[in-house]
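A.B. asks: One-letter residues, chain by chain:
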Amino acid sequence: MTATGVGPEADIVVHEVVEPPLTLRSRLTAGCILVAVGLVCALLLGLPAHGTAGFALSPGSPKITVSLPAQATCLVLGLVLVLLGLWHGVRGWPRSAMRWVLSATLLCFVVSFLCWAVTGQQGTSFDLLGLLQNTILTAVPLVLGALAGVLCERSGVINVAIEGQMLAGAFAGALVASVAGNGYVGVVGGVLAGAVMGLLLALFAIRYLVNQVVLGVVLNGLALGLTGFVYDALMQPNADALNNPKIFDPISVPLLSDIPVLGPLLFEANIIVYLMYVLIVAVDVALFRTRWGLRTRAIGEHPKAADTVGIKVLAMRYRNVVLGGAVAGLAGAYLTLGSVGAFSKNITSGQGFIALAAVIFGRWSPRGAVAAALLFGFTESVATVLSFTQTPVKIPTNFLLMLPYLATVFAVAGLVGRVQAPAADGEPYVKE
Amino acid sequence: MSSDVQPRRRLRVSGNVAVTALAFLVALVIGAVLIALADPPTQAAAKYFTAYPWDTFTAAGRAVADGYVALFEGAIFDPGTASQGTLSGILGPLSETLVNATPLILGGLAVGLAFRAGLFNIGGQGQVIIGAVFAGYVGFAWHLPAVLHVVVAVLAGILGGALWGGIAGWLKARTGAHEVITTIMLNYVAYYLLAYLLSVKGFQRPPYGQAISNVVEGNARLPHLLGGNLRLHTGLLVALLAAYGVHWLLTRSTLGFQLRAVGANQFAARTAGMSVERSYVVVMVVSGALCGLAGVSQILGTNTAITQDIDAGIGFDAITVALLGRGRPGGIVWAGLLFGALHAGGVQMQSATGTPVDLVVVVQSLIVLFIAAPGLVRSIFRIRTQGAGVGQQLAKGWNG
Numbered sequence: 001m002t003a004t005g006v007g008p009e010a011d012i013v014v015h016e017v018v019e020p021p022l023t024l025r026s027r028l029t030a031g032c033i034l035v036a037v038g039l040v041c042a043l044l045l046g047l048p049a050h051g052t053a054g055f056a057l058s059p060g061s062p063k064i065t066v067s068l069p070a071q072a073t074c075l076v077l078g079l080v081l082v083l084l085g086l087w088h089g090v091r092g093w094p095r096s097a098m099r100w101v102l103s104a105t106l107l108c109f110v111v112s113f114l115c116w117a118v119t120g121q122q123g124t125s126f127d128l129l130g131l132l133q134n135t136i137l138t139a140v141p142l143v144l145g146a147l148a149g150v151l152c153e154r155s156g157v158i159n160v161a162i163e164g165q166m167l168a169g170a171f172a173g174a175l176v177a178s179v180a181g182n183g184y185v186g187v188v189g190g191v192l193a194g195a196v197m198g199l200l201l202a203l204f205a206i207r208y209l210v211n212q213v214v215l216g217v218v219l220n221g222l223a224l225g226l227t228g229f230v231y232d233a234l235m236q237p238n239a240d241a242l243n244n245p246k247i248f249d250p251i252s253v254p255l256l257s258d259i260p261v262l263g264p265l266l267f268e269a270n271i272i273v274y275l276m277y278v279l280i281v282a283v284d285v286a287l288f289r290t291r292w293g294l295r296t297r298a299i300g301e302h303p304k305a306a307d308t309v310g311i312k313v314l315a316m317r318y319r320n321v322v323l324g325g326a327v328a329g330l331a332g333a334y335l336t337l338g339s340v341g342a343f344s345k346n347i348t349s350g351q352g353f354i355a356l357a358a359v360i361f362g363r364w365s366p367r368g369a370v371a372a373a374l375l376f377g378f379t380e381s382v383a384t385v386l387s388f389t390q391t392p393v394k395i396p397t398n399f400l401l402m403l404p405y406l407a408t409v410f411a412v413a414g415l416v417g418r419v420q421a422p423a424a425d426g427e428p429y430v431k432e
Numbered sequence: 001m002s003s004d005v006q007p008r009r010r011l012r013v014s015g016n017v018a019v020t021a022l023a024f025l026v027a028l029v030i031g032a033v034l035i036a037l038a039d040p041p042t043q044a045a046a047k048y049f050t051a052y053p054w055d056t057f058t059a060a061g062r063a064v065a066d067g068y069v070a071l072f073e074g075a076i077f078d079p080g081t082a083s084q085g086t087l088s089g090i091l092g093p094l095s096e097t098l099v100n101a102t103p104l105i106l107g108g109l110a111v112g113l114a115f116r117a118g119l120f121n122i123g124g125q126g127q128v129i130i131g132a133v134f135a136g137y138v139g140f141a142w143h144l145p146a147v148l149h150v151v152v153a154v155l156a157g158i159l160g161g162a163l164w165g166g167i168a169g170w171l172k173a174r175t176g177a178h179e180v181i182t183t184i185m186l187n188y189v190a191y192y193l194l195a196y197l198l199s200v201k202g203f204q205r206p207p208y209g210q211a212i213s214n215v216v217e218g219n220a221r222l223p224h225l226l227g228g229n230l231r232l233h234t235g236l237l238v239a240l241l242a243a244y245g246v247h248w249l250l251t252r253s254t255l256g257f258q259l260r261a262v263g264a265n266q267f268a269a270r271t272a273g274m275s276v277e278r279s280y281v282v283v284m285v286v287s288g289a290l291c292g293l294a295g296v297s298q299i300l301g302t303n304t305a306i307t308q309d310i311d312a313g314i315g316f317d318a319i320t321v322a323l324l325g326r327g328r329p330g331g332i333v334w335a336g337l338l339f340g341a342l343h344a345g346g347v348q349m350q351s352a353t354g355t356p357v358d359l360v361v362v363v364q365s366l367i368v369l370f371i372a373a374p375g376l377v378r379s380i381f382r383i384r385t386q387g388a389g390v391g392q393q394l395a396k397g398w399n400g
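From first to last, the protein sequence lines are chains A and B.
The first sequence begins at 1 in our numbering and counts up by one.
The second sequence begins at 1 in our numbering and counts up by one.
One should not assume that every hint holds.
Stated by the list, open to error - Heads up, incomplete: computed chain A residues facing chain B, CB under 8 Å, no partners named:
id, residue
1, Tyr208
2, Val213
3, Val214
4, Leu215
5, Gly225
6, Leu234
7, Val278
8, Val281
9, Val285
10, Ala286
11, Ala413
Treat the hints as calculated values from the structure; they're not laboratory data.
Using N, Cα and C, we set each Cβ at its ideal position, and we do this for glycine too.
So here's chain A without its partners, still in its complex pose (with noise of 0.2 Å):
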């Protein structure tokens, strides 16, 4: 919302950003749920909660446990949130802060929820670091594939078919590095894979400007078709010969790999997790600090005004679209060479869509997409590994199963509300 204030001078406009107040009702509502969420963390997971909860934080010796008060904890950050919902429910935090207050309460309940399931094992420390890689690990393909929609969405084509990308690079990259016996030469295979879809679906939504969404979802129909057909028909009877992909070997980072924590967490990772690091920094500074991330944004929230200056909206568009396909590509990749091995029929299972959930969430930023990414990742790892820990009420694996969805809609519903796409996404640049 702009005012618009009239100084002495008439021709010096003061523009300011004011924002409107939050009303009683929503302050409410938002109040009584965190209010809740405390409530939660208190009574239904402190109360029942003995004894400590231990997290081991390294893999072997020399043991790093953090050994927590498990009732006392669940109490404390039970009260902290419901000081905060009756704090917001009075008086109302500021808008600039409801990012943190947000967090917080993440963090609180899911401590909560940790030292809560950790009590249902006592005498042994809870894996704390393995849950922490683990998140790392599933969330490779996610932030991967979340930045490859980054990339096509700020240039204005919405990338619903990130997950027939994905599954495009993860099959071109077991069938080359199976052929080519290299897993090296399988990356780029299937980051080329990966590419020929960007380019499929830019060539629809640019040259004859098919409804994108509905483009996104008939490609990844047409990579399920064609990868499961060729599965079916080539791959799998010679399984020995064309998918028997090796997965790459961990590299430990000299120095980096020894420090507590992070090292074994972030720097004992295979080429292709260095490899999103990497594309992480990359795409968050060539976005907003280059002359390319410029012309790329200009795009994507008005292409007449960057075609009037001279942008080339459409070839600039082909570009990024093919670019945020490979790097999908790369996503797929990872899953059959990176992490399972070999590739098998709608091997992606849904992670396109959840990288696509993760743009939204993150706004269209690369850093907040990669936070939502990992924050998916986690709500993952957290329900494989309870799966096989005792908590003190069995939870049915299906329902942790169903959590990092249910997260999904709880965030792009409750934390993320009406989000606003960069301006021109999913509309087609006609030049008249």
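Starting from the known structure of chain A, fit chain B onto it as the hints suggest.
C.D. replies: For chain B alone, coordinates are given in the frame of chain A:
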């Protein structure tokens, strides 16, 4: 090629039927290439391609012909089984086509209706699952008299689908959460909910070894139309009735006018005093209800017990059906019949020639891709067509 020079003689085709037919043709040609590539004799012949290239082409031609003949025999008419002279031998393939088409028509109507109101319902899978769970549960857990039971079970399925679709609509209306994201996520939630239910006593079938539900009682099943041997059931009539209902809703009712207005331009609709939020909820509830009916057809008609893949990919197929039918009930019925035939034929093709049934998914996606991009079909066949691509009238971004 400017227009002032002598215009080139071109095939003049008007209307969408021609584009559809040509798109179908191109998709079948690409499918033929895939069949040939996947065919072992063709692969063997290709190894000495430079010496006897003709062998490769003969082998490929035979593979393609065999594949498509099997497709036809599975979908329309099989001379082999028809020669036995029994009813099921003659009408069997058509019955399979119609059985496959029934949930596709219902799902296509759901997606198409949402399209017309400017919403993209990708949540067909979840809505079908929940609809099937509700209908199936009433079908096997409740014990009611003959006619009442099936009616109650069908209503339960509608309720389940409407509920699941309504969640997405309500979330969009209240918080602005984009329906593409929420419906996709609700698909997974429904999937795992079903997985959970299939491991719970009272839902799972004794002796609890397999992930399959109890069997729906006979009273609750949709009656077969052509006798016991043919699987064709009354669900088809329900689907046709639903198509008429959606047609009536869209073109003859005030509500339908509002929905179309919101779909055409939500800001104008709002200015005209319509509640855009209310229409979101209503559309998703009705759309979900139609998907729930598709689930009903799956569990009370085609199958008798709920398994993990009860939705049979209807969620995705419904989108392609709706696009091929251009969001209009009449078109959706034809599109559903076409894809139903492809599915029925694809199964026969796989068992007869070993060509993987995934080919059908490829062909289906290609058809829709070409339909959505008439410009491409136009440039392949050098023809002039009228009318915009199917996607264009709903070309909207995340903010729309």
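A.B. asks: It remains to establish, for every hint, whether it holds in the given structure.
C.D. replies: Structure-based check of each hint:
{"no.": "1", "hint": "Tyr208", "verdict": "4 Å, holds"}
{"no.": "2", "hint": "Val213", "verdict": "6 Å, holds"}
{"no.": "3", "hint": "Val214", "verdict": "4 Å, holds"}
{"no.": "4", "hint": "Leu215", "verdict": "7 Å, holds"}
{"no.": "5", "hint": "Gly225", "verdict": "3 Å, holds"}
{"no.": "6", "hint": "Leu234", "verdict": "7 Å, holds"}
{"no.": "7", "hint": "Val278", "verdict": "28 Å, violated"}
{"no.": "8", "hint": "Val281", "verdict": "26 Å, violated"}
{"no.": "9", "hint": "Val285", "verdict": "25 Å, violated"}
{"no.": "10", "hint": "Ala286", "verdict": "23 Å, violated"}
{"no.": "11", "hint": "Ala413", "verdict": "4 Å, holds"}
Hint check: violations occur at hints 7, 8, 9 and 10; the rest are consistent with the structure.
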